[in-house]
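**Q** Chain by chain, the residues run as shown.
2 protein chains.
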Amino acid sequence: MENEVIYGKNSVMEALISGKREINKILISKNIHTDVKINKIKELAQEKGIVFQFVGKDKFQPYAEFNHQGIIAQISPIEYMELDDFIEKPGEKYRSLVILDGVEDVHNLGAIIRTCVCAGVDGIVIPSRRNVQVNSVVEKTSAGAINHIPIIKVNSLVNAVQKLKDNDWWVIATDASAKDNYYDVKYDDMNFAIIMGAEHAGVSKSLLKASDFVVKIPMQNSFNSLNVSNALSAIIFETLRQRLKSNK
Amino acid sequence: MENEVIYGKNSVMEALISGKREINKILISKNIHTDVKINKIKELAQEKGIVFQFVGKDKFQPYAEFNHQGIIAQISPIEYMELDDFIEKPGEKYRSLVILDGVEDVHNLGAIIRTCVCAGVDGIVIPSRRNVQVNSVVEKTSAGAINHIPIIKVNSLVNAVQKLKDNDWWVIATDASAKDNYYDVKYDDMNFAIIMGAEHAGVSKSLLKASDFVVKIPMQNSFNSLNVSNALSAIIFETLRQRLKSNK
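Chains as they are written, first to last, in this note's numbering: chain L, 1 to 248; chain P, 1 to 248.
Derived by calculation from the structure, the hints in this document are not laboratory data. Each hint should be verified, as a subset may be incorrect.
Note that identical chains are pooled: a pair holds if it fits in a single copy or bridges any two copies.
Claimed, not checked - Derived DMTMM-like pairs (lysine to aspartate or glutamate); straight-line CA-CA distance at most 20 angstroms:
no., residue 1, residue 2
1, K209, E88
2, K245, D184
3, K42, E22
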């Protein structure tokens, strides 16, 4: 699926004001005259930290049939969920989350989304910065899984972790130097969130500190570079194994 | 790393006769005259089922500094191991294998190799046909893991499975419609091989039939399209968990 696009000054401005759909980028033709509306759009975009690009006419070629007035906004193909809404949602069962701290590769994100859906994870939390966003490539790589799980976007992962803990969730971070193995934690009688780090940097120190547990995958080789989606798969299916065994 | 290349009639012929290094493809210039040696090379290549391509001069541009005589063979960057040699190799511990039945995506193969190395799998078996081969892309995607695990290439997976069973190995195939879950098998007191199927087709019927166990990953969603490397990761780290827990 393509990124969706909003055309024309009024539509773009409304999208900016309502904030309902995530705007990835605003493209504006170099050839149009700046007027009050355009200035207002620029101002709003700046306030919200949305990228604003001046581009040549050719960029608008694909949208020639629409009355785009020389301005379009590329919006995210998915709607993000608010963490508060997720937490408050009543559940009969214990729930689980996966928190991604700086995952940069779109294919990894797609594979992670598929894995989470298959393993019955209830949501995925990503930060609004320093993490790959859910774009059309991710959507494609996820093979449609993206439509089966809420994606929760937060400004601060540390605040999100604190909020989860305040709401009776347990937070487990992964780190290569942890003492405990991931399967030493009991996952079957609590709401839990697993934090996976960036491919190279791992989970940030502030998040490790904020977590209830820090666990590792026991590596059997000095070559210990496990792909983040494969690491997650090992852990998340262990949590599922425990839950299915105990029927909770 | 690039695919390695062998230049010139004599070297290509020797490589074909010795069979020590896997030849992926032979390229021959459209502009050279066919002689006895070229005919012999063609004959040997056909016997061994090696692709033989007539190409324009420009394909030889990168090798201009070598005396290529209008013929080059692209050889595999790795040396494959024979299954017999693998089986006979004495081991103090129980060993494990992963068998790939028709995995087509190079990135998946790279991720699978990394996962296997991290989880301490002792070897990977691939069929010589209908499976992605270990080329330079796989080598790159595996992030170097390829140098830490033997790759065993066999002409027939069914024969390989039979041979393993004859040598006191247990063979476990994965299939979405299996009754047992992968974690219901005890992996800690046997040599075992896990068969993973192609992304869409799964493990072939003849292999399912030849296996000792058929297991599934319990899917929690009607969307049940787990990436093959993530499926393997769930299973292989469960086998490791069991072994580390029981210390065998």
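**Q** None of the hints should be skipped; say for each whether it holds.
**A** The hints, checked one at a time:
1. Proximity of K209 and E88 under a CA criterion of 20 angstroms is satisfied in neither setting, with 25 angstroms inside one chain copy and 49 angstroms between copies.
2. Taking the shortest alpha-carbon separations for K245 and D184, both the intra-copy value of 15 angstroms and the inter-copy value of 10 angstroms come in at or below 20 angstroms.
3. For the identical chains of this complex, K42 and E22 are intra-copy neighbours only, at 16 angstroms inside a copy versus 59 angstroms across copies, given an alpha-carbon limit of 20 angstroms.
In this structure, only the earlier hint numbered 1 is contradicted, and the remaining ones agree with it.
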